[in-house]
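With chain A's structure known, arrange chain B on it following the hints.
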Amino acid sequence: MQTTARVQPARSSLLRDPKFRGLVFQILAVFTVVGIGWYLFQNTQSNLAQRGITSGFGFLNNTAGFGILQSLIDYTETDTYGRVFVIGLLNTLLVSGLGIFFATLIGFVIGIARLSPNWLLSRLATVYIEIFRNIPPLLQIFFWYFAVLRAMPAPRASYEFFDAIYLNIRGLYLPSPIPADGFNVFAIALLAACVAIVLVARWARKRREATGQLFPTPAVAIGLLVALPGLAALVAGNPVTWSVPELRGFNFVGGLVVIPELVALTLALTLYTAAFIAENVRSGIQAVSHGQTEAARSLGLRPRHILRLVIIPQALRVIIPPLTSQYLNLAKNSSLAAAIGYPDLVSLFAGTVLNQTGQAIETIAITMSVYLAISLSISLLMNWYNKRIALVER
Amino acid sequence: MKSVKTTLTSMVAVATLGLSVQAVAGPTLDAVVKKGFVQCGISDGLPGFSYADDKGQFRGIDVDVCRGVAAALFGDATKVRFSPLTAKERFTALQSGEVDMLSRNTTWTSSRDSGMGLNFAGVNYYDGQGFLVSTKLGVKSAKELDGAAVCIQAGTTTELNLTDYFRANGMKYTPITYDKSDETVKALEAGRCDVLTSDQSQLYAQRIKLANPNDYVVLPEVISKEPLGPVVRQGDDEWFNIVRWTLFAMVNAEELGVTSANVEDMAKNSQNPDVRRMLGAEGEYGKDLRLPKDWAVQIVKQVGNYGEMFERNVGKNSELKIERGLNALWNQGGLQYAPPIR
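Going down the list, the sequences are from chains A and B.
Residue numbers for the first sequence follow the working numbering, beginning at 1 and rising by one.
Residue numbers for the second sequence follow the working numbering, beginning at 1 and rising by one.
Bear in mind the hints are in silico, worked out from the structure with no lab data behind them.
Computed from a predicted structure; not experimentally measured.
Cβ coordinates follow ideal geometry from the N, Cα and C atoms, glycine included.
You may find that some hints are simply not true.
[To be verified] Computed list of chain B residues with no C-beta within reach of chain A, every gap over 12 Å: (1) Gly117; (2) Arg192; (3) Gln234; (4) Ser318.
[What the hints assert, rightly or not] Pair ranges (Cβ atoms, derived): (5) Gly22(A) x Asp113(B): 54 to 60 Å; (6) Lys35(B) x Val34(A): 35 to 41 Å; (7) Gly97(A) x Leu137(B): 48 to 54 Å; (8) Pro321(A) x Asn212(B): 54 to 60 Å; (9) Gln45(A) x Asn269(B): 55 to 61 Å; (10) Glu160(A) x Ile208(B): 33 to 39 Å; (11) Arg81(B) x Ala373(A): 22 to 28 Å; (12) Pro321(A) x Lys136(B): 31 to 37 Å; (13) Asn212(B) x Leu138(A): 26 to 32 Å; (14) Ile165(A) x Ile208(B): 50 to 56 Å.
Chain A extracted, bound-state conformation:
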């Protein structure tokens, strides 16, 4: 009896129970945050109403009524602000995608070049990295746009290549393919070739792991890519006809145009980010102990095999996390597009649409959430990849 009586006071005081206390404070914290958020929201709403500023997302269904320089999907001036949003988003994704692709490519090449035993090559890589990563990206965009691309000739004095490609101040005009009779068969053949390559590559890898015999996968892949679609074209007829740009009136008509704004932005973002990626790659490679190289060499592997089969797979584990933040930086830096009039999400939606509708809070909120979503998607993808290549302890 006495023992229980002594324990009870301690139990009855809930305040002294760390579990309970923790719970109370967490609930309090959540309520405070939600409460403040709610209060701010209500306040903004009532003040907007009081000042006679329209709010809500109804404007997305209104007619936009202005033209857009570049859209990846069909657009006319009678489309809605909602469609303008999608076009802005696609333009942002386009420039981010191109930037990430080329920056990775150049970054890896420069990063490896920097460690090259060739003195000139490694110094050149160092100079590249030090120049491009130390100049603000906005200035680089200005440099490419105003200094380089503005120096191109007028449409009538275009640089001409093979009577089909034209380069001038308005952009790079390329012939664009138009599907013709044989297109479906051609597309199926192309798809079949891709599937076949994947299967062959898998089989070759399995065989190599089992028997150690090498198989010339790249050569076979190229052969398949040429042979299958080529055969299809022979059988079913021309898969595409080409729309060739020609000078008519003020501008070139027909074909595909790569606008200078896109080129300048892609170049600047690519070269800027590639410099950082190169450093990540270098540090990743240097993080692999030199013993690994020596061991591989003593097994008789050739230098390129050492790099591809021993060093890079281990280096990737160090490279991927910082690489992710570089990708995120690139996607976010793409919003500098507004400075040169590339119609990305910020310039088009958080700029023109905001100004035409006057609904700043809604447009900015949408734009911010979209960037958040893009960044989180990149993070998720890279984390998944990182997990896949992580060291599996055996």
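The following block gives chain B in isolation, referenced to the frame of chain A:
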């Protein structure tokens, strides 16, 4: 509580929009009087309307409207601070309270007047949209512009009018948009676009900024109505009245023959009842506006009447040499008309 609410909203607006805010606690007039100057949003460089001269002083008819308000309020036209804004920034800056008024060649439209929480106080320049092209193109009319690349300033009514005009005439164009009007001019000069479109007054202003103004012409077509005027926040009638009647006082002064040279003399000696009422010799008309008795005298003395302001900045005494046209007084074939002060 109300002021806490307003401040909080501004904070939210600031947090959301990334703008800095001059405190707007309560009606604009009190805030302006308390801080001792008018914060005025102007254009970021447009000769004749608002631009910095070689001494770094802001000049132009939009600037003069701001100076007029300061003269009426403080008896000192220099008590203004200017915030140069791009077309895209201007409305948010006014809505969030960063500026007290916007005098930035802004077109009066129904959606801006009713949907954005703004009020247009009047029209200080009747304008219309036009086209500026290189003479090398040999274009004589806007109807010949099918397929052209057109430079425009982003977020303006110009962008919408342009679309309407090309659609109505069954023509195609490529829009090249920039945030600043300077950038559109540079792009035209470099050949990024064939034609620059904007309000005609702006085209004249931008033309003299080009390296060879004579290589460019303004096409004859005027494709829209662009009444430009000062803007204030909706729901502050007191402040709205002050801005509106500053403008009216300038127009009335021209009509009554009151100029910066003769205003003091007229204030003392004029026998014209209209002049006497306006200049405060009779009645208490300034008091109703919560302005000093000599408010109109100060405006005309320090800034001038509407005609003086026009000729000095955009008319025959300026580089632009724009005709009065629609901006002549109503009794001289124009549209400038002000209700009487009585």
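**Message:** When the structure is checked against the list of hints, which entries are broken? Sort them ascending.
**Reply:** 1, 2, 3, 7, 11, 12, 14
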